[in-house]
Amino acid sequence: SQQGEEDPQALSIQEGENATMNCSYKTSINNLQWYRQNSGRGLVHLILIRSNEREKHSGRLRVTLDTSKKSSSLLITASRAADTASYFCATDYGGQNFVFGPGTRLSVLP
Amino acid sequence: EAGVAQSPRYKIIEKRQSVAFWCNPISGHATLYWYQQILGQGPKLLIQFQNNGVVDDSQLPKDRFSAERLKGVDSTLKIQPAKLEDSAVYLCASSLDWAAYGYTFGSGTRLTVV
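As given, the protein sequences belong to chains A and B, one line each in that order.
So for the first sequence, my numbering puts the first residue at 1; every next one is plus one.
So for the second sequence, my numbering puts the first residue at 1; every next one is plus one.
Hints listed in this document are in silico derivations from the structure and should not be mistaken for laboratory results.
Mixed in with the good hints, there may be bad ones.
Stated by the list, open to error - In silico contact screen, one side only, chain B against chain A (beta carbon under 10 Å); selected entries:
#1 7
#2 35
#3 66
As the list claims (entries may be wrong) - The calculated lysine to any residue pairs, modelled on SDA-like cross-linking and capped at a C-alpha distance of 25 Å, are:
#4 B:78 to B:9
#5 B:44 to A:59
#6 B:78 to A:99
#7 B:15 to B:96
#8 B:44 to A:31
#9 B:71 to B:12
#10 A:56 to B:71
Positions of the beta carbon are idealized from the N, C-alpha and C atoms, including for glycine.
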């Protein structure tokens with residue numbers, strides 16, 4: 001399969017803690033994206049990182065990309081209950097669309 | 001700007017019946033996607049349109065699924081006949097420049113086949 005694989009599959013943390021999710025992929029990519037999906041809703045685009053970039057920030061989110069290890073990580077700092085959702089990485093493999101991984105289910109406990 | 005609109009929001013049908021989903025992408029977005037998301041899994045691409053032409057339909061089960069995008073705007077996805085394993089959320093997404101900005105998703109249609 002060409003899809004990325006998120007790790008862990010599920011994560012529970014307390015409000016205020018940081019949450020880190022990882023995505024590993026198999027072949028070279030041009031771009032990698034992270035999406036969030038709240039229960040019963042569509043996916044929301046968080047960050048896109050290109051293969052020549054190593055780190056990007058957006059608010060409380062930080063994404064890193066290590067092309068030598070074929071992996072990416074998503075860090076959410078100072079988590080809130082509203083961050084409870086599934087998080088997906090999506091990779092393009094040089095094609096014309098993105099392939100999604102199975103996701104990490106994050107639960108932020110108050 | 002208005003988001004990606006999908007309807008219906010929910011649909012319950014019996015196996016072997018037919019069903020259709022509708023999607024209205026963001027104005028000006030040339031690329032439109034239909035994804036199938038089975039509970040607990042990531043979305044899987046069914047078909048990708050560029051304007052009204054098909055770019056990728058390699059994972060569309062063409063014996064029962066069909067999709068069209070008339071005039072390069074709205075799109076419909078049809079399943080005929082439905083099977084139990086088609087129970088999933090069907091997500092529509094559109095993009096202005098997928099490699100630069102990613103996708104904008106609709107809220108999806110949750111299909112239950114009984």
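TODO: Provide an ascending list of the numbers of those earlier hints which the structure does not satisfy.
DONE: Numbers 1, 3, 5, 7, 9, 10 - these are the hints that the structure violates, sorted from lowest upward.
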